[in-house]
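Got chain A sorted already, so can you dock chain B onto it with the hints?
Chains as they are written, first to last, in our numbering: chain A, 1 to 379; chain B, 1 to 379.
Rather than coming from a laboratory, the hints here were simulated on the basis of the structure.
Just so it is clear, the structure is predicted and the values come from calculations on it, not from any experiment.
Backbone N, C-alpha and C define an ideal beta-carbon position, used for all residues, glycine too.
Some hints could be false.
Stated by the list, open to error - Below, computed lysine-lysine pairings styled on DSSO-like, alpha-carbon distance capped at 30 Å:
no.: 1; chain 1: A; residue 1: K78; chain 2: B; residue 2: K226
no.: 2; chain 1: A; residue 1: K86; chain 2: B; residue 2: K78
no.: 3; chain 1: B; residue 1: K78; chain 2: A; residue 2: K225
Said to hold, decoys possible - Here are the in silico distance ranges between beta carbons for each label pair:
no.: 4; chain 1: B; residue 1: G180; chain 2: A; residue 2: E15; range: 44 to 54 Å
no.: 5; chain 1: A; residue 1: A370; chain 2: B; residue 2: P24; range: 22 to 32 Å
no.: 6; chain 1: A; residue 1: G100; chain 2: B; residue 2: N234; range: 27 to 37 Å
no.: 7; chain 1: A; residue 1: M34; chain 2: B; residue 2: E364; range: 33 to 43 Å
To be verified - Covered stretches of chain A (chain B as the covering partner; in silico rule of three or more C-beta atoms under 8 Å from a C-beta of chain B):
no.: 8; segment: 22-29
no.: 9; segment: 62-76
no.: 10; segment: 93-102
no.: 11; segment: 235-248
As a plain string of letters, each chain reads:
2 protein chains.
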Amino acid sequence: MKKRLFTPGPTPVPENVMLSMAAPIIHHRNPEFMEILTRVHEDLQYLFRTTQPVVVMTCSGTGGMESAISSLFGTGDKVVTVNAGKFGERWGELVRTFTGGCVEVMVPWGEAIRPERLVEVLREHPDARGVCITHSETSTGTAADIQALCAAIHEASDALILVDGITAIGAHEFHFDEWGADICITGSQKGLMMPPGLALIAVSERAQDIIEGRGDHPQFYLSLKKALESHAGNDTPFTPAVTLIIGLAEALGMLRDEGIENVWKRHERLAAACRQGCEALGMKLFSSSPSFAVTPVWLPEGVDWKQFNKTLKADNGITVAAGQDEFAGRIFRISHLGYYDELDMLAVIGGLEFTLKSMGVPFEPGAGVAAVQRAFLSD
Amino acid sequence: MKKRLFTPGPTPVPENVMLSMAAPIIHHRNPEFMEILTRVHEDLQYLFRTTQPVVVMTCSGTGGMESAISSLFGTGDKVVTVNAGKFGERWGELVRTFTGGCVEVMVPWGEAIRPERLVEVLREHPDARGVCITHSETSTGTAADIQALCAAIHEASDALILVDGITAIGAHEFHFDEWGADICITGSQKGLMMPPGLALIAVSERAQDIIEGRGDHPQFYLSLKKALESHAGNDTPFTPAVTLIIGLAEALGMLRDEGIENVWKRHERLAAACRQGCEALGMKLFSSSPSFAVTPVWLPEGVDWKQFNKTLKADNGITVAAGQDEFAGRIFRISHLGYYDELDMLAVIGGLEFTLKSMGVPFEPGAGVAAVQRAFLSD
Numbered sequence: 001m002k003k004r005l006f007t008p009g010p011t012p013v014p015e016n017v018m019l020s021m022a023a024p025i026i027h028h029r030n031p032e033f034m035e036i037l038t039r040v041h042e043d044l045q046y047l048f049r050t051t052q053p054v055v056v057m058t059c060s061g062t063g064g065m066e067s068a069i070s071s072l073f074g075t076g077d078k079v080v081t082v083n084a085g086k087f088g089e090r091w092g093e094l095v096r097t098f099t100g101g102c103v104e105v106m107v108p109w110g111e112a113i114r115p116e117r118l119v120e121v122l123r124e125h126p127d128a129r130g131v132c133i134t135h136s137e138t139s140t141g142t143a144a145d146i147q148a149l150c151a152a153i154h155e156a157s158d159a160l161i162l163v164d165g166i167t168a169i170g171a172h173e174f175h176f177d178e179w180g181a182d183i184c185i186t187g188s189q190k191g192l193m194m195p196p197g198l199a200l201i202a203v204s205e206r207a208q209d210i211i212e213g214r215g216d217h218p219q220f221y222l223s224l225k226k227a228l229e230s231h232a233g234n235d236t237p238f239t240p241a242v243t244l245i246i247g248l249a250e251a252l253g254m255l256r257d258e259g260i261e262n263v264w265k266r267h268e269r270l271a272a273a274c275r276q277g278c279e280a281l282g283m284k285l286f287s288s289s290p291s292f293a294v295t296p297v298w299l300p301e302g303v304d305w306k307q308f309n310k311t312l313k314a315d316n317g318i319t320v321a322a323g324q325d326e327f328a329g330r331i332f333r334i335s336h337l338g339y340y341d342e343l344d345m346l347a348v349i350g351g352l353e354f355t356l357k358s359m360g361v362p363f364e365p366g367a368g369v370a371a372v373q374r375a376f377l378s379d
Numbered sequence: 001m002k003k004r005l006f007t008p009g010p011t012p013v014p015e016n017v018m019l020s021m022a023a024p025i026i027h028h029r030n031p032e033f034m035e036i037l038t039r040v041h042e043d044l045q046y047l048f049r050t051t052q053p054v055v056v057m058t059c060s061g062t063g064g065m066e067s068a069i070s071s072l073f074g075t076g077d078k079v080v081t082v083n084a085g086k087f088g089e090r091w092g093e094l095v096r097t098f099t100g101g102c103v104e105v106m107v108p109w110g111e112a113i114r115p116e117r118l119v120e121v122l123r124e125h126p127d128a129r130g131v132c133i134t135h136s137e138t139s140t141g142t143a144a145d146i147q148a149l150c151a152a153i154h155e156a157s158d159a160l161i162l163v164d165g166i167t168a169i170g171a172h173e174f175h176f177d178e179w180g181a182d183i184c185i186t187g188s189q190k191g192l193m194m195p196p197g198l199a200l201i202a203v204s205e206r207a208q209d210i211i212e213g214r215g216d217h218p219q220f221y222l223s224l225k226k227a228l229e230s231h232a233g234n235d236t237p238f239t240p241a242v243t244l245i246i247g248l249a250e251a252l253g254m255l256r257d258e259g260i261e262n263v264w265k266r267h268e269r270l271a272a273a274c275r276q277g278c279e280a281l282g283m284k285l286f287s288s289s290p291s292f293a294v295t296p297v298w299l300p301e302g303v304d305w306k307q308f309n310k311t312l313k314a315d316n317g318i319t320v321a322a323g324q325d326e327f328a329g330r331i332f333r334i335s336h337l338g339y340y341d342e343l344d345m346l347a348v349i350g351g352l353e354f355t356l357k358s359m360g361v362p363f364e365p366g367a368g369v370a371a372v373q374r375a376f377l378s379d
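Bound conformation, chain A alone:
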């Protein structure tokens, strides 16, 4: 059976990217590889909209988040984190681990933090050295207004702004320099259309100065200082995942060819069509501020998640993501992050129709895919 992956990481990898990684291996100190890495560095700046360095580390997105926290902050430093889902929660775990000074702002799942709320917290904690926010919270399929949040934080405080852009980069409009972020992280297996294994970290001038001057935690492999020093010579401090970087060069070339504004618009369009398709089948949307990367949907009343997931996967070849924590078994998430187009949305909504039908859930046959088409055609 033909298989289709609609999970928010790993996301599908284009065939040409896969094959680029199957070429004979080259050495990472070879001029040929250094040239590829130089191009990757440039294309990452294009993607993050920055003139500042974006370093490549061989680790997962969480490794990238740790690298930022442990390179910027020391024991006792107060850092505000926003927890509106699993990945905002991770910011908190990291800050607690590396500074012990976490001020965690809780936001209900499915909602985005309002800038005014964050400003209040920063006024209460004028000594906060950093604020950690999540652009697109993968666990809840919810996007925050990062532009407004950055502006509000700058207005209220000198705290550094750390953005988890893991499922946002390539899906949501983002301007690292213009919006004044200090750190933004993504992972290769998200909007970059690559297998997992690389974290990409943009670092502002202000953050670079702090990293340069500090030396508190023991740090080595995940040191942003070492990574930035090597980056200046278009190199990496340790043997990098050579094949993944070669694939990344290919994938970034595709994004550049499409044009970053078009990539953002494509994600916005696919997300809107996906939501309309689900609603036309009588399903309810979970998020009040939906992400363009992943659409979270309430399971229809009386539908068992395991049975639903099994039917979707075994009979229709479609893999979606489950709900997490208290929403496990209650919501599911459809990803359209990365290598997806309009016709893929027809496939996933079509597969949902087959699944709902075989589970006896009432809906008007064809209503989902027709709604998807209408969304595109009235665009």
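Okay, now just chain B, sitting in the frame of chain A:
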């Protein structure tokens, strides 16, 4: 021009391994992937000769070394490291970074540490909590007698034994359980015939108990505790490099099919033939205890390294490794670690003959390749 890589990491990747990584991506929480990871875990136990867990981390070998040091030791812990080259030096850097209590034993480059020397040091430092040694020191192409070292350490001390097996695993006989090592690390891009991006870490029962009980350094992504907990369920704590693990399964299957004893013997045989080929061309060997992974050779008198390397690479398609630090420009290193066979040794020695000839170095044409053949045929 046909290109041949003779560097000790990355090493050549078999075509079937490369292509296995080009298959459509799957999700890491998918039963299909969990099954692959389970097989990888089993095959790594076979490779390391252990019944203990061998965890897979998405990072370089250095990340694996850091994981061991920072997971086992705390601030102030005294740890003995043996520095007989660049990678022994790295053990020292890591211990200084994470405990501050490094006792570094210096050994001249090209020599291996004698067990008696290590015993002396341990007698002077009865409070040492660990000893970090290097099986095959890549920078000097020198192998230590790890079996004898482990026995001597156990006799003299209760210190934990940490083995850098990065260029040794798959090239040199090694028995993790029988020899009583507590940690052994390798990287994917070495004897495992894979691209870089994964560290593999075997952990003894004694080390697991210590890791379980401690909580000193802030640690997250490289935590062996988290990795071991996930390993127990054939899982990983963070999104792993899915495609690299799929390739690793393929590569480990090849090693298992060949049989680990045969893999070791093949490396010993190739190393011996490589040495004899070089000597037959009038070149002098660098190491007094040569590794089976990489053969270090003095550049002939009057030969300029840059010119030599350029001729080897541009005219003959062969990439070897340079000397490092004080031996930069004075030695070169030929790797035969991983996916190499007898006929590859003819190619590299043949390419050396072409290069020496074009640089006007006197030698008897064909003497090198004939010596290689004699080594194999008299085996």
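Hints, one by one, checked against the model:
1. This hinted pair checks out: K78 (chain A) and K226 (chain B) have alpha carbons roughly 25 Å apart, not beyond 30 Å.
2. Of the pairs offered as hints, the one joining K86 (chain A) and K78 (chain B) is violated, with about 38 Å between alpha carbons and a cut-off of 30 Å exceeded.
3. As the CA atoms of K78 (chain B) and K225 (chain A) are separated by approximately 26 Å, the hinted pair is consistent with the 30 Å bound.
4. As the Cβ distance of G180 (chain B) to E15 (chain A) is approximately 48 Å, the hint placing it in 44 to 54 Å holds.
5. About 29 Å separates the C-beta atoms of A370 (chain A) and P24 (chain B), a value consistent with the hinted range of 22 to 32 Å.
6. A beta carbon spacing of about 33 Å between G100 (chain A) and N234 (chain B) agrees with the range 27 to 37 Å that was offered as a hint.
7. Between M34 (chain A) and E364 (chain B) the beta carbons are some 38 Å apart, a value that agrees with the proposed interval 33 to 43 Å.
8. For the segment 22-29 of chain A, the assignment as covered by chain B holds, since 7 residues bring a beta-carbon within under 8 Å of that chain's beta-carbons and 3 suffice.
9. With 4 residues having a beta carbon nearer than 8 Å to a beta carbon of chain B, the segment 62-76 of chain A meets the requirement of three or more and the stated coverage holds.
10. Remark: the segment 93-102 of chain A is confirmed as covered by chain B, as 4 of its residues place a Cβ nearer than 8 Å to a Cβ of that chain, reaching the required three.
11. Interface restraint, the segment 235-248 of chain A with chain B: holds (7 residues with C-beta to C-beta distance below 8 Å; minimum three).
The structure fails to meet hint 2 from the earlier list, while all remaining hints are met.
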